[in-house]
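Single-letter residue listing:
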Amino acid sequence: VKFVFYRTRFAKMIDGVRQDFPDVEVVTAQTPAELEAVLPGAEIFVTTNNAYTPDVSAVVRDKGADLRWLHFTNSGIDYALENGVPMGAAITNSSSARAHSVASHAFGLLLALTRRLNESAATRARREWPRVEMNNAVVALDKKTLLLIGLGAIGQDIARKAKAFDMRVIGISRMANAPFVDEMRPRARLLDSVPEADVVVIATSYDVETHHMIDAAAIAALKPTAFIVNIARGALIDEAALIAALQAGKIAGAGLDVTEVEPPASDNALWKLPNVVLTPHSAAGGGDEDVLVEIMTDHLRLFLAGKPFPRVVAGPNLGL
Amino acid sequence: MGETVVKLVFFPAKYGRLIDRIEQAFPEVEIVRIENAEDIAAKIKGADAMVTSNRIYSPTVGRDVCAHGTSLRWMQFTTSGIDTALKGGVPDGIPVTNGAGMHAHSVAAHAMALMLAVMRRLNDCTAARPRRDWIRDEVHSSLSTTRGKTMALIGLGAIGQDIARKAKAFDMRVIGVSRMDRADNIDEVRPREALHAVLAEADVVMQATVYDKSTHHMIDAAAIAAMKPGAILVNIARGALIDEAAMIAALRDGTLSAAGLDVTEIEPLPADSPLWDLPNVVLTPHTAGAGADNNDALFDVVSRNLRSFIAGKPFDRVVHGPNLTASNLTDRAS
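Going line by line, the protein sequences match chains A and B. Heads up: the first sequence is residues 8 to 327, going by the numbering used here. Heads up: the second sequence is residues -1 to 332, going by the numbering used here.
Derived by calculation from the structure, the hints in this document are not laboratory data. A few of these clues could be false.
Keeping only pairs whose Cα atoms sit at most 25 Å apart, straight-line, the calculated PhoX-like set for lysine-lysine is [to be verified]:
(1) Lys151(A) to Lys41(B)
(2) Lys311(B) to Lys150(A)
(3) Lys41(B) to Lys150(A)
So these bits of chain B aren't anywhere near chain A, every CB distance computed over 10 Å [to be verified]:
(4) Ile20
(5) Glu21
(6) Ala35
(7) Arg119
(8) Ser142
(9) Arg145
(10) Arg163
(11) Asp169
(12) Val208
(13) Pro266
(14) Asp314
Where a beta carbon is used, it is the ideal one built from N, C-alpha and C, also for glycine.
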């Protein structure tokens, strides 16, 4: 079996396959040209959503006739799906591996907003100690309402953490219920639910249906004291409408790990807005390479045994 | 007591909606708002009780309260700590109650904010913004996550216990350092004598204990040397629990990877302190307790104690001085 790693940063994963699966022929590639040379005859292709560019998609289309399985070492695969993946191959991702990291990051952003860390950093630069002035600006989370959009692995972990902050959690999802969610509502009720929220956290997957799901109308329906956190995909929010609301003080602030275009253009107002906490799409970062390796090798064992994967995100499953 | 009108002074007069709510709920209580410290001497005369804050209780305030507040029979602090006030001086022989537990959620949330800000490198991300620098690749390799990490949690009072509950929701292992033998959400409790051994296991050292003579500089150079290389230190309690000079040296040489500090040995932080500029420090101006003033918790504590006071019943808990009893009420009245 021939196995191609494309732009994989995880040396441990590549070495692990070489060591533990001696029957597998392991090949790595860093550029579309290298990929073109090694892909013929490969049955397995492992990469990330970001690396799966239109060029890569074209190479896969032309040279990947033998591919039976594509695995992504990250969670969201929207970019890859948009660029095109082979119809006949099983597509798997690593959604559960990063959930806790992304959920922690979501709370990092939310707490930075509510505990006014931006203001502390700004006054620190001026050698000011505004203890008393800041007293009424800081916001406590207990008894506040969290509107949590998306209850996948990441959303569920956010809900669990929110309960440790004594928040009321309203989930927006097709699921009827989930642990740590006080009340679940379908997406059709999003706009009705927005006025109840003290905090909106967006943790849903991006596709045609969810494009700009937080649009100007939803933003206008928010409380003036509300905070928005987005750790999913930038285009889930109408960014222009969000910026206008932040500039006009119509909402209290936004914690954003993602933007519509990444990196944001240098004239994007999000760089400068003081009521924005901005991180460079780093929510999934940190630590758990081992879990990603484990997920990949668990899948590989199933593949080699001809057994179905526990879950495929696109394409046919194996052995069915 | 039934017919007596209780005179209650508030200093400062800014407590969110608290004072209005107390006024509405207790029509039998005469409320006096003291806006400025200079007015204490004049306005405190004849007052039965005072609601105040450790934050503003300077020695001048203490002097005026003791000299002119001779009719005071109860003091309620809205803060958890009353160390500044005790230094400034409170009247002898009267019960003093505090806001312990009331700010616990707020302080615990702030502790988590500082820890996560350090782990998720928010300082670096914020510093990169003016340069329009999307530092995804730079931060990615050095971010850390909470799952499976060990927190040494020093102090298991109301704040420590709430931090533990939150840390468990972030899948951390929590070792408490306390005299208690067990508490909820704590994987293991060890006595203070075992501090250095606990520090050697910790990825995050969370300082949440009470400051007094016995805890002064409990995190000193030797304690820092006992920590895991690259550990994170968070302090939301009192600055002098940590030997600040030793901490600064460790932050500079990398022994400590970063610190999240809401408190410093001297506050406001002196202009020449290196803590202002250290990039691996997230610094907030003693705001961990903020955010609670408008909460029901503060109203609940003050109104419960006020009901006890009016009824002449003992308080649930007194942090300084004697509790209220029928006899000491009579003694003071006679």
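Tested hints:
no.: 1; hint: Lys151(A) to Lys41(B); result: violated, 38 Å
no.: 2; hint: Lys311(B) to Lys150(A); result: violated, 31 Å
no.: 3; hint: Lys41(B) to Lys150(A); result: violated, 37 Å
no.: 4; hint: Ile20; result: holds, 18 Å
no.: 5; hint: Glu21; result: holds, 19 Å
no.: 6; hint: Ala35; result: holds, 13 Å
no.: 7; hint: Arg119; result: violated, 8 Å
no.: 8; hint: Ser142; result: violated, 5 Å
no.: 9; hint: Arg145; result: violated, 5 Å
no.: 10; hint: Arg163; result: violated, 6 Å
no.: 11; hint: Asp169; result: violated, 6 Å
no.: 12; hint: Val208; result: holds, 20 Å
no.: 13; hint: Pro266; result: violated, 3 Å
no.: 14; hint: Asp314; result: holds, 21 Å
In summary, the structure is inconsistent with hints 1, 2, 3, 7, 8, 9, 10, 11 and 13 from the numbered list given earlier, while agreeing with the others.
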